[in-house]
Amino acid sequence: MTVETVVDGETRRTVDFLYPDAPAAERAEAEAFSDVITGELVMTIGSYVVRHGNRLVLFDAGVGSQPTGSFIGGALRSGLLARNIALDEITDVIFTHLHADHIGWATQNGVPFFPNATYRCDRRDWDHFMSPDYEIEPWEAASTHPEFDAAQVRLAPLAGRMEFWEGDAEILPGISAIDAAGHTPGTNAFLLESDGESAMLLGDVVHSIHELLFGWRFPVHHDSQAALDAIARVRALLVDLNIPCSAAHFTGMSWGRVLDSGDRFLWEAIN
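For the sequence shown, the working numbering puts the final residue at 618, and the numbers step up evenly by one.
No lab work stands behind these hints, which were simulated from the structure alone. Possibly wrong hints are sitting among the right ones.
[To be verified] Computed beta-carbon distance windows for the label pairs: (1) Pro462 <-> Arg398: 16 to 26 Å; (2) Asp542 <-> Pro485: 38 to 48 Å; (3) Pro367 <-> Gly416: 14 to 24 Å; (4) Gly507 <-> Pro370: 20 to 30 Å; (5) Arg470 <-> Arg398: 23 to 33 Å; (6) Glu373 <-> Asn456: 21 to 31 Å; (7) Gln499 <-> Asn618: 37 to 47 Å; (8) Gly507 <-> Ser608: 42 to 52 Å; (9) Pro370 <-> Leu428: 15 to 25 Å; (10) Arg398 <-> Asp515: 17 to 27 Å; (11) Gly457 <-> Ala375: 20 to 30 Å; (12) Arg359 <-> Ile483: 21 to 31 Å.
Keep in mind the model is a prediction, meaning the values are calculated, not measured. Where is the CB? At the ideal position from N, CA and C, for every residue including glycine.
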């Protein structure tokens with residue numbers, strides 16, 4: 348099994364804006380990851396390509412071809428082609444959750460963008476976002492084009508080919524979902540296992556390294572307390588397994604391990 352990162356774009360916000368409740372001393376650590384010109388935290392928007400056996404699995408589908416608001420994006424297709432990956436070679440698309448910045452390339456102009464792929468998501472997210480009663484949240488209205496970016500529109504062409512799981516489950520050989528509901532009703536992390544080695548993709552369980560280390564509260568959650576509880580559970584698992592992890596919004600989609608020093612959690616970067 349191999350894992351590659353593919354950047355679609357980025358968004359930038361100040362640490363104070365993203366984590367207003369975080370203690371000042373902790374925020375200062377995160378500011379080291381900020382853009383040197385704007386002082387804003389760079390949050391990458393990206394996907395992962397997992398090659399395993401005869402499968403080519405794409406985790407998440409970026410923000411899409413027409414980002415707006417604070418989102419900069421549109422590079423996923425070029426990123427795949429730069430890796431000599433044709434769109435029709437993708438066998439599976441697995442969504443960590445169904446926010447607009449993770450489903451943007453799922454379809455284009457009402458057609459599945461990865462024509463030979465099986466699309467997969469947690470049923471709880473599908474039921475939530477595809478419900479006719481779902482109301483676009485303020486951040487979605489400000490940061491996307493809801494008339495074609497909203498899940499009800501973007502994912503409608505996939506209704507007959509989406510496969511579902513719910514909570515903890517083996518999705519494919521060597522790929523298991525870890526229930527981390529909170530950010531959305533069906534948010535998951537994913538444990539990758541092959542030849543005695545393991546790694547974890549965190550999706551949007553967290554949006555920055557320091558959110559993972561300190562358990563900061565992110566302002567956009569379906570269930571804020573459940574999201575904080577999920578961070579604690581996933582972090583404990585990472586420490587216990589001592590395995591590398593990455594998340595789609597980590598600056599540069601960086602990899603590292605979480606260490607427990609006894610009085611706090613530390614990040615050991617992996618280059």
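Status of each hint after checking the structure:
no.: 1; hint: Pro462 <-> Arg398: 16 to 26 Å; result: 19 Å, holds
no.: 2; hint: Asp542 <-> Pro485: 38 to 48 Å; result: 46 Å, holds
no.: 3; hint: Pro367 <-> Gly416: 14 to 24 Å; result: 19 Å, holds
no.: 4; hint: Gly507 <-> Pro370: 20 to 30 Å; result: 49 Å, violated
no.: 5; hint: Arg470 <-> Arg398: 23 to 33 Å; result: 27 Å, holds
no.: 6; hint: Glu373 <-> Asn456: 21 to 31 Å; result: 44 Å, violated
no.: 7; hint: Gln499 <-> Asn618: 37 to 47 Å; result: 41 Å, holds
no.: 8; hint: Gly507 <-> Ser608: 42 to 52 Å; result: 50 Å, holds
no.: 9; hint: Pro370 <-> Leu428: 15 to 25 Å; result: 44 Å, violated
no.: 10; hint: Arg398 <-> Asp515: 17 to 27 Å; result: 24 Å, holds
no.: 11; hint: Gly457 <-> Ala375: 20 to 30 Å; result: 47 Å, violated
no.: 12; hint: Arg359 <-> Ile483: 21 to 31 Å; result: 23 Å, holds
Hints 4, 6, 9, 11, counting from the list given before, are not met by this structure.
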